[in-house]
Amino acid sequence: MADTTLRASAARHAGGVYWRSLVAQIRAITEYPADFWVMASAGVMWNVLQFAFLTVLFAAVPDVAGWRYHEMLMLSGLLTVAAGSTALLCDGVWSTGTYVLKGEIDYRITRPAPVVVQVATSHIGMQGFGEVGFGLVMVAYGWIGAGMGLAAVPVGVLGLACAIVIECALITALCAVNFWLKGNNSIFAFVLLDLQHNAMTMPLALFPAAVKIVTMFVVPVAFVNFVPVAVLTGHLTSWWLVGPPLTAAASVLLAAGLYRLGLRSYDSSGH
Amino acid sequence: MPILEARNLTKTFRRPDKASGFKGAVKHLVQRKYKNYTAVDGIDLSIEAGESVAYVGPNGAGKSTTVKLLTGILRPSEGTVRVMGRDPHVERIPNAHDIGVLFGQRTQLWWDLPVEESLKLLKHMYGVSDADYKARLARFDDLLDLGEFMPALARTLSLGQRMRADLACALIHAPKMVYLDEPTIGLDISVKDRLRAFLRELVDDGTTLLLTSHDLADIEEVCERIVVIDKGAIAYDGPIQQLKAHYITTKAVNLFLEGPADVPALAEKFPEYAWAAGEAPSEVVVTYESNRFTTAEVLGGLTAQLAPRDLSLSEPSIEDVIRRLYAGELTK
Amino acid sequence: MSNAFAVDRAFAVIAFKRRLAYKAQWLVALVLGGGAMLVSMAMWRELLSGGALSGYDWDAMRAYVIIGFITATMVFGAADWHIADRILDGHVAIDLTKPVDFQRARAAEYVGSMFSTVPTVALGVLGAWILFDPPGPASATAGVLTAVSLVLVFPLAFGLTYLTVLVCFWTKRYLGVMWLREALLAFFSGMMIPLAFMPSWLQAVAWALPFPHFTTTPSAIYLGHVDTAGALGLLAAEAAWAAGMWFGARIVFNHAVRKVTVHGG
Chain A
1 MADTTLRASA ARHAGGVYWR SLVAQIRAIT EYPADFWVMA SAGVMWNVLQ FAFLTVLFAA
61 VPDVAGWRYH EMLMLSGLLT VAAGSTALLC DGVWSTGTYV LKGEIDYRIT RPAPVVVQVA
121 TSHIGMQGFG EVGFGLVMVA YGWIGAGMGL AAVPVGVLGL ACAIVIECAL ITALCAVNFW
181 LKGNNSIFAF VLLDLQHNAM TMPLALFPAA VKIVTMFVVP VAFVNFVPVA VLTGHLTSWW
241 LVGPPLTAAA SVLLAAGLYR LGLRSYDSSG H
Chain B
1 MPILEARNLT KTFRRPDKAS GFKGAVKHLV QRKYKNYTAV DGIDLSIEAG ESVAYVGPNG
61 AGKSTTVKLL TGILRPSEGT VRVMGRDPHV ERIPNAHDIG VLFGQRTQLW WDLPVEESLK
121 LLKHMYGVSD ADYKARLARF DDLLDLGEFM PALARTLSLG QRMRADLACA LIHAPKMVYL
181 DEPTIGLDIS VKDRLRAFLR ELVDDGTTLL LTSHDLADIE EVCERIVVID KGAIAYDGPI
241 QQLKAHYITT KAVNLFLEGP ADVPALAEKF PEYAWAAGEA PSEVVVTYES NRFTTAEVLG
301 GLTAQLAPRD LSLSEPSIED VIRRLYAGEL TK
Chain C
1 MSNAFAVDRA FAVIAFKRRL AYKAQWLVAL VLGGGAMLVS MAMWRELLSG GALSGYDWDA
61 MRAYVIIGFI TATMVFGAAD WHIADRILDG HVAIDLTKPV DFQRARAAEY VGSMFSTVPT
121 VALGVLGAWI LFDPPGPASA TAGVLTAVSL VLVFPLAFGL TYLTVLVCFW TKRYLGVMWL
181 REALLAFFSG MMIPLAFMPS WLQAVAWALP FPHFTTTPSA IYLGHVDTAG ALGLLAAEAA
241 WAAGMWFGAR IVFNHAVRKV TVHGG
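Protein chains in written order, with my numbering: chain A, 1 to 271; chain B, 1 to 332; chain C, 1 to 265.
Just chain A, with the same shape it has in the complex (with noise of 0.2 Å):
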C-alpha cells in the first residue's frame, strides 16, 4: 500500500517536471521568432502539399484500394497530428546520441527525475506547432466530408491519444539504441518516420502481405494511423479496436525498457 502511494507520487512528481520543462521550452521560443514562423509553416507546407497531392489525384480516380478521398485524408491527418506531437512532446529524445556521446546525460542521472523525461524536454520541435494544427484540419475536414457524426467522436479520441503515445514511445525506443550504437544522428528513427510518412498514408491493401505483417505485429506503426482510421471508415471490424491501446502500452513498455537497460551501459565519457 505504502509502496503504491510511493509510486503514484513518483508519477505525479515526473509528470509535474516534464510539463514544467516543456512549457519553459516553448517559453524560450520567443527568443527564436524566424525561425519559429520557418519550422511551423516548414511544418504545414508537407501537409498542405499532402493534401493538394491527394486532392488532385482524386480528381483523376475515385478510389485507392477501396479508400476514398476524404478517409485517405484521415489516413494522413491522423500520422500527422502523431508524427508533429512527438516533435512537441519529446522532441529532446533525438539527441540521445549527442548526450550519450558528449557525456551529457551525467548531470541528469544525477537529479531527481526519471531521466528520459529530461532528455525528451531538453527541446521542442517548433514544426510540431505547424503539423499538429493542419494534421487536426486534415482529419476534420475528412471526417466531415465522410460523413461520419458526432456519434463516432469518442472512437475517434482514442485512436488519436493512443496514435501520439505509439509514436512518442517508438520514436523514444528507436533513438535509444543509441546508447550502444554510438553516434549523433538517429537514423532508425529517422528512417521509421520517413517510411512511415511514405508508406503509411497508403491503404495496407495496395502492398504485399509481409508489410501487413510487419507494420501491424514487428514495429505497430499501423497502429498509430491505419487500424483507427479503417475501424471508423468500415474498413477493418471493430475487434480492431483493442490494438492501439494495447499497442500504446506494449510500445511505452519497450521504450522505457530500453531507456533503462541503456542507462545501465552508459559509460559518460572522458574520464
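Honestly, the hints are just simulated from the structure, not real lab data. In this text the structure is predicted, and so the values were computed from the model without any measurement. Warning: the hint list may mix true and false statements.
[As the list claims (entries may be wrong)] Covered by chain C, per the in silico footprint, the following chain A stretches (three or more residues, Cβ under 8 Å):
| no. | region |
| --- | --- |
| 1 | 41-48 |
| 2 | 61-72 |
| 3 | 86-98 |
| 4 | 146-160 |
| 5 | 172-182 |
| 6 | 230-240 |
[Unchecked claim] Pairs of lysine-lysine, DSS-like flavour, derived with a Cα cap of 27 Å:
| no. | chain 1 | residue 1 | chain 2 | residue 2 |
| --- | --- | --- | --- | --- |
| 7 | B | Lys123 | A | Lys102 |
| 8 | A | Lys102 | A | Lys182 |
| 9 | A | Lys182 | C | Lys17 |
| 10 | A | Lys102 | B | Lys35 |
| 11 | B | Lys35 | A | Lys182 |
Heads up, the beta-carbon is just placed ideally off N, CA and C, and yes, glycines get one too.
Position chains B and C against the provided structure of chain A, taking the given hints into account.
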C-alpha cells in the same frame, strides 16, 4: 557512520580492440576483441559528515571516474559505494535529493533559457519550498552576485558567470554531500577568490565536500583532508597539514643584496644552508632544513652579516609535495 | 583549362570522399529512396490497372517513377548541411578571407557530394530495372537529351540549395528552411504526382518555378511527351534557371555578407 563509504571501488572500461580502417572494422565484427582499461582500481574511501576532502591526481588518474562512481552516474565494475547508507546507482532518485554535483567542464543550465528559469526548474525537480528557495537565492546572490545575470540566457554568460550559476544549481536543494569536479577551471583570479570564500563558508555550515582540482590553491584554502590518487589507486590519504609537515622539510628565504650576489662565495661562508641564484643579479635563494633551524635564527644570522636591502619568505607549498608524490619520489 | 579548375576539382574530390566515408548514409538513402519508389509503384499499379490516366499508362509510369527516384536521390542526398553550418557558426567570415570564391568552392563541394549518391542511384535503378522492367527511351535522341537534362540537375540543384541555405543569414537553424525547400521540390517537381494530373492553374504555378526540371523535364523527354524541339526548349529553360539562380545567389550573398560585417561576424 560515515556519510560516504566506498569499498574496493573498481571501474574497468571495455574498449573495442580493432585495427583502423575498413578491414579492421570487418575483422572486429567477426572476432569481437576487447581491451580492458581499469580507470579506478580498488579504492577505499570513507568520508565523515562535515569533512572537506580534496581529491587530487594527475590527468587520467581516475579522478572524474571516481566522482562519477560516487554520484551514481557509473556503475562500479567491482566494489560498493554507500552515500548515507544508499547505493547511489540503485537508489538513484532518493540519493539525488541528498547530493549536489558540479562538473566544471560542463554546465547543467538549460542553454536556451534564462538562468532564473533553470533554477526554477531545479527548484521544482528537487521539491524546494518557496521560502527556502528565496532564502537560498538571496544568500547565493550575496556571495556570488547572481542577480546581475539571472535574466540572461545561459548561452550568453561568461565562463565565470556560468560557473557561479552552475554552483547555485548544484546547491539550490541544500544537499548534504557535495561533489565539485574542477569548479575553478578557466576562471580568473578574482572569481576564483570569490568561489573559494563561498566554498569555505559552505564547509563552515557543515556541508560535506569532495573537491577535485588542478589548482592547489583551491585545495589549501578550502579543504582539510587530501586524498591523492595516481593510476587509479590512492597514493596518500590524510590531513593536508600532516602532508605538509611530513614532506615539507625545507623552507626558503629570498634575499635582495646591495650589490650583485656571489653565490659560490656565500655557499662557502654559510655551508649549513643551500644557496642558489635568484631572478635578479642581486637576489639569492637560501634554502634551509626546517627541523634544524628556525626561521628566526636563520634570518637573524643572515641579516646581521649580509645586511640585505630586502627579503621575502616563500610559503611552504603543497604543490611541490604533490608534484613529488606524482613523480613517485615519496611513498606513503 | 585544367589549371583553371584545379581548385574546384580538389573541393569536389574532398566532398565526394568525405561523403563516401559515411557508409550508413548509402544504406539509409537506399532504404528511404527505394521505399518511396516501391510505395509509388504499388499505388500506380493499382490505379493504372484500368488504363491510362492523364496521359500515363502503367508502362510510362514505371519509367517516370524511376526517373523521380534518380533525381530525388541526387538532390536529397547531397551535402547541404555543412554550407549552412558555416554560415550559422560564423565560419563564413573566415572563408571570406581565403583566396577562393566562396560560392564556387561550395558549388564544387556540392557537386562532389552529389556524385557520392551515384552508388545509391545505380543500385536503386538496377533493382528497379529487374523488378519493374521499365520501357526504354522514346528514341535514341530522347535518351541522350534525357541524360543532358539529368546533368543539368547538378547546377540546378546547387543553385536552389545554395539560395535557400543563404536564408541562414537570417535564421538560427537550417532544418526548417531545408524542409520547406524539400516539400516544395517534392510537390512541384512532379515527384509526388505528375504535373499532368494537376489543374492547369497549378501547372502554370509549377512551370513558373525551377522545380519541374527536377523530374518532369527529364521524364517528359524520356517518354517522348515532347518532340526534339520541345525537348531542346525544356533544356534551355532548365539551363536558364541554373544560370539565373547562380547569379541571383551572388546578389543575395553580397547583400547578406554586409549584414555579417555590420554585426562583426
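Hint check:
{"no.": "1", "hint": "41-48", "verdict": "holds (count 5)"}
{"no.": "2", "hint": "61-72", "verdict": "holds (count 3)"}
{"no.": "3", "hint": "86-98", "verdict": "violated (count 0)"}
{"no.": "4", "hint": "146-160", "verdict": "violated (count 0)"}
{"no.": "5", "hint": "172-182", "verdict": "violated (count 0)"}
{"no.": "6", "hint": "230-240", "verdict": "violated (count 0)"}
{"no.": "7", "hint": "B:Lys123 / A:Lys102", "verdict": "holds (26 Å)"}
{"no.": "8", "hint": "A:Lys102 / A:Lys182", "verdict": "holds (10 Å)"}
{"no.": "9", "hint": "A:Lys182 / C:Lys17", "verdict": "holds (22 Å)"}
{"no.": "10", "hint": "A:Lys102 / B:Lys35", "verdict": "holds (22 Å)"}
{"no.": "11", "hint": "B:Lys35 / A:Lys182", "verdict": "holds (18 Å)"}
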